[in-house]
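One-letter residues, chain by chain:
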Amino acid sequence: MTADFDDMPRVIERPTWSPRETSEGAQELSLRDATDSDELGREVGAVLRLEDGKVLDPSQIDFDRPDDETMIINMGPQHPSTHGVLRLMLELEGEVVLRTKPIIGYLHTGMEKTGEELTYVQGATNVTRMDYMSPFHTETVFSMATEALLGIEIPDRATWIRTLMLELNRLSSHLLWMATNGMDLGSTSMMIYGFREREMVMSFFEKTTGLRFNNNFVRPGGVAADLPDGWEDDVAVICDTVLARTFEYDDLLTGQPIFRERTEGVGGLTAEEALALSVTGPLLRSTGVPWDLRRSMPYLAYGELDFDVIVGTYGDNFDRYALRLAEIRESIRMLRQIIEKMPSGDYRIQDPKVTPPPRGRIDASMEALIHHFKIFTEGFKVPEGEVYAAIESPRGELGCYLVSDGSSKPFRMHIRGPSFVNLQVLPLLLRGGLLSDAVACISSVDPVMGEVDR
Amino acid sequence: MTDIALGALAGLPTTTGAGVDQIAFPDRARYVPTIAGLREAGFEMVADLCCVDYLGHPGRTLPDGVAPERFEVVVNLLSLSAKRRVRVRVQVPEADAVVDSLFSLYPGTEAMEREAFDMFGVRFTGHPDLTRILMPEEWEGHPLRKDYGTGRVPIQFKEAPGPR
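Chains X and G supply the protein sequences, listed in that same order.
All residue numbers for the first sequence refer to the numbering used here, where the first residue is 1 and numbers rise by one.
All residue numbers for the second sequence refer to the numbering used here, where the first residue is 1 and numbers rise by one.
Since the hints were made in silico from the structure, they are not lab data.
Treat the hints with caution; some may be incorrect.
Claimed, not checked - Some chain G residues judged to face chain X by a derived CB distance under 8 Å, without partners named:
id : residue
1  : T14
2  : G17
3  : C50
4  : L62
5  : D64
6  : N76
7  : S79
8  : I133
Where a beta carbon is used, it is the ideal one built from N, C-alpha and C, also for glycine.
The following block holds chain X by itself, in its conformation from the complex:
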């Protein structure tokens, strides 16, 4: 036994510069004199190689600044305002943030690898755990990609049920964001109110799908169950209550001088920067770009709904707050139309190869029993091919790239998480701001770490 130990390298090789050690080991944000100019330029925010250097002139970077004037601190991963396990290395001069480096991967569980081991029937159970604040969106994009490979059209009612659940989910996700954003800025009452309203949506999810989170309700071929009796009344009550309470939020936050002081002009972002960094969702819209996949590339029933795409002007934290508040109201507007327009019919496709037969038929029909057995043991086979499907999640473009080899399991399943991509904007948002505003900026990006790390 001891001989084996002797052969093992005892010291992990370190780079030649000596990093500062913390309890977590060497810090990833290295000293200025150990960082080359390219990387330093990227970390201080000159990420964008735009034509005319609109963001930051590289000559403005103070490469010669001695390291003893600044301080490198570690924020997270276990920090209440990092929304999960996001770790930030910050270089500070006094209270001003000079450089930022987000470090992720603490929640990485290899869900894309797991997805290759599960059949398409089981796949929705896996992907729903990625973005745990909007599980329906991830399920839907996975199901849409699978259906595109299968070449099937789902029934009208299934489309509308999906749209209903997606909009309710957007409502609950934005409400939770209002709550946590309020808490990050010191408004504890907003925290309580946001969770209170979200609870109504959660109760409806529980009633419809049996679960509050990770619902596994949207599946390839349709949805798992029909809506419960009286769903119209439940949704109408949610709409009325939440809409009335958004005006209370206005009183509590929108017009509140301290809140405005802390959010207006903080964390500014321009449209060029957002586009170059592939930022989507509320962050992109807050810069004034009217890009919303629900409107620009309609999917499900969004083409038949009347709604506005909300855009901001300045791209600061206040714009992002106001935009999400307005999106809550737009979602409510859409939900009311969905109640009116919900068609009747099947809630899943009547294709025995994709949809398991109802329980009653299994006792009566041998064929139904075989189909049931096949679907739940082997799954259905999907033709060889590859497809990219994208929808608008509360955080931005949520994409799913599926490669099939003709078997019943995806050969490759890649989820384009909007939080993962949007996190790249943090060094830019935080640069030159105060440390206390860093918390507000992280919150305004609305990262869900489950989706970032997958």
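Go by the hints and put chain G onto chain X.
Relative to chain X, chain G alone:
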């Protein structure tokens, strides 16, 4: 839907697919020039960049003139002004798993390329900080490769007889 000139794809093997206008297959030498041409044409954003390991795939459908290789880097481009999507698939051989980075064209690919490197070991020349992003730095191997074993945790049932 506004029309957009896809001249950058001239001479390349292409196919079409669901939800996308064109799927182009440039070789590695024409990869960055093709993307640069598409950027000129009005594709403002790289929506997604990922990698696929085709080891053990029974055979994918490729247009004539494209020699299949083990890895494939897949770039999904998005034009906001024209509301169109284009996909670019580059074949990357296993022996020399290197492609040029898109960082200088689209800085937003920074994290995506790091993820592709971390999970597949495909290197991107010109990337400013090609390090692991999701796995720990000292991790060995690239988990999403098909020949990377998933492993398993042995289960010991409570009442099961012990090993004899």
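Verification of the hints:
The beta carbon of T14/G comes no nearer than 14 Å to any beta carbon in chain X, farther than 8 Å, and the hint placing it at the interface is violated. Hint status for G17/G: holds, given a least beta-carbon distance of 6 Å to chain X, under 8 Å. A distance limit of 8 Å between C-beta atoms decides the matter here; for C50/G the minimum to chain X is near 4 Å, and the interface restraint holds. Violation of the interface hint for L62/G is found here, the shortest Cβ-Cβ separation to chain X being roughly 11 Å, above the 8 Å cut-off.
Taking 8 Å as the C-beta cut-off, the interface hint given for D64/G is violated, the closest approach to chain X being about 18 Å. Using the Cβ-Cβ criterion of 8 Å, the hint placing N76/G at the interface with chain X is satisfied: the shortest such distance is roughly 5 Å. Given the 8 Å rule on beta carbons, the hint for S79/G is violated: about 10 Å separates it from the nearest Cβ of chain X. For I133/G, the interface hint holds, the least distance from its beta-carbon to any beta-carbon of chain X being 6 Å, beneath 8 Å.
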